[in-house]
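Asks: Sequence:
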Amino acid sequence: MAGLVLCEPTELYNILNQSTKLSRLTEPNYLCLLDARTKREYNESHVITARRVKQNPGGDYLVPESVELECVKYCVVYDSKTSSLDDIYYDDYEEKEEDEKGTEAPSGISGFESSSSCSQNAEVGAAIQCARVLEQFTRHPVRILKGGYERFTACYHFLRTQKIFWMPQELDAFEPYPVEILPAQLYMGDYRQACDQQIQKDLKIKAQVNISEELATLFTDESKTLLHVSVADSPDADLFSFFPTICHFIDAKMALGAVLVFSTLGLSRSSTAVMAFLMHSSHYPLKIARKPGLQTWLTGRITYLSNSAFLDLRKRETF
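Mapping the sequence shown onto UniProt numbering, position 43 (from 1) lands on 43, and the numbers just tick up by one.
Keep in mind that a hint or two might mislead.
Stated by the list, open to error - Listed next, the in silico DMTMM-like pairs over lysine to aspartate or glutamate satisfying Cα-Cα at most 25 Å (straight line):
(1) 201 to 172
(2) 21 to 170
(3) 21 to 135
(4) 39 to 150
(5) 73 to 27
(6) 73 to 172
(7) 54 to 135
(8) 39 to 135
(9) 163 to 41
(10) 39 to 190
(11) 201 to 190
(12) 163 to 251
(13) 206 to 135
(14) 39 to 68
(15) 204 to 150
(16) 21 to 202
(17) 81 to 135
(18) 81 to 251
(19) 54 to 44
(20) 206 to 170
(21) 54 to 86
(22) 163 to 150
(23) 81 to 60
(24) 21 to 11
(25) 54 to 150
(26) 81 to 172
(27) 21 to 175
(28) 204 to 8
Stated by the list, open to error - Label pairs and their calculated CB-CB ranges:
(29) 183 to 43: 39 to 45 Å
(30) 1 to 56: 42 to 48 Å
(31) 251 to 5: 43 to 49 Å
Because the hints were derived from the structure by calculation, they are not lab data.
From the three backbone atoms N, C-alpha and C, an ideal C-beta is built for every residue, glycine too.
Please model the complete structure; the sequences and the hints are all you need to start from.
Replies: This is the structure:
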């Protein structure tokens with residue numbers, strides 16, 4: 001079995017907002033996001049694109065129809081507020097599985113709980129119950145959203161909805177938010193996102209670093225909130241010499257609110273600058289800062305880090 005892992009809210013946020021030319025939510029085998037709460041709770045609101053996982057009359061969770069779980073890259077399950085793999089049902093299920101081994105082939109988690117205990121404990125451990133069924137069919141570990149729906153929507157209220165069905169053209173039109181590097185502090189995006197006032201409001205962006213040749217009127221008092229580093233999108237462009245200025249600006253502004261680092265496409269220049277800041281502020285050596293598992297934001301972007309500033313980082317790691 002693939003196993004279970006906890007998924008931080010920032011990881012799910014970044015999974016939802018990954019994009020190439022279009023949002024990656026358009027890819028059928030990219031994300032399967034499942035809501036293990038009650039139907040009433042789901043109908044009131046849920047995370048965008050989430051589908052409610054169904055149960056049979058005995059309370060056993062059912063594998064979603066029309067989803068090839070073995071092909072899905074990310075399978076994420078959430079309930080109201082489960083925050084640990086040690087929550088109530090995980091250990092109980094392990095013990096029951098051992099007791100029943102060799103006596104009966106399991107179908108779901110049949111007979112695992114009474115209807116009364118299910119209703120009393122639905123908020124704690126429901127995601128684990130569901131994930132234990134799903135992990136039998138997935139290639140990758142099933143992710144359980146840490147803190148559940150309550151914690152996620154407290155951080156990202158703008159990613160909740162009552163919408164149940166998503167048409168392909170609606171997913172095509174979905175506009176991703178900037179990638180979150182440091183929760184509620186540092187974001188990386190492109191020119192469009194930097195000019196979107198709703199994004200600025202939702203993420204509480206207080207300052208921006210524009211690493212491109214394009215100018216933009218983004219704030220009423222740009223002298224205090226916008227650092228413009230005019231660098232061409234070229235492998236030979238000199239971004240390295242601007243690193244101290246960029247890092248000191250981000251350091252100062254993060255104390256007051258969130259900072260967005262952006263370039264025209266949100267790829268090589270902004271990625272290199274963000275990596276430099278992580279090395280400067282968080283003391284990540286380059287080999288760790290480049291590690292794909294460090295943050296979901298690196299996924300699909302590491303191949304773009306090819307300008308001269310990045311090569312300088314590889315050589316010196318100090319600036």
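Asks: Give me the numbers of the hints this structure contradicts, sorted from smallest to largest.
Replies: 3, 10, 12, 13, 18, 20, 26, 29, 30, 31
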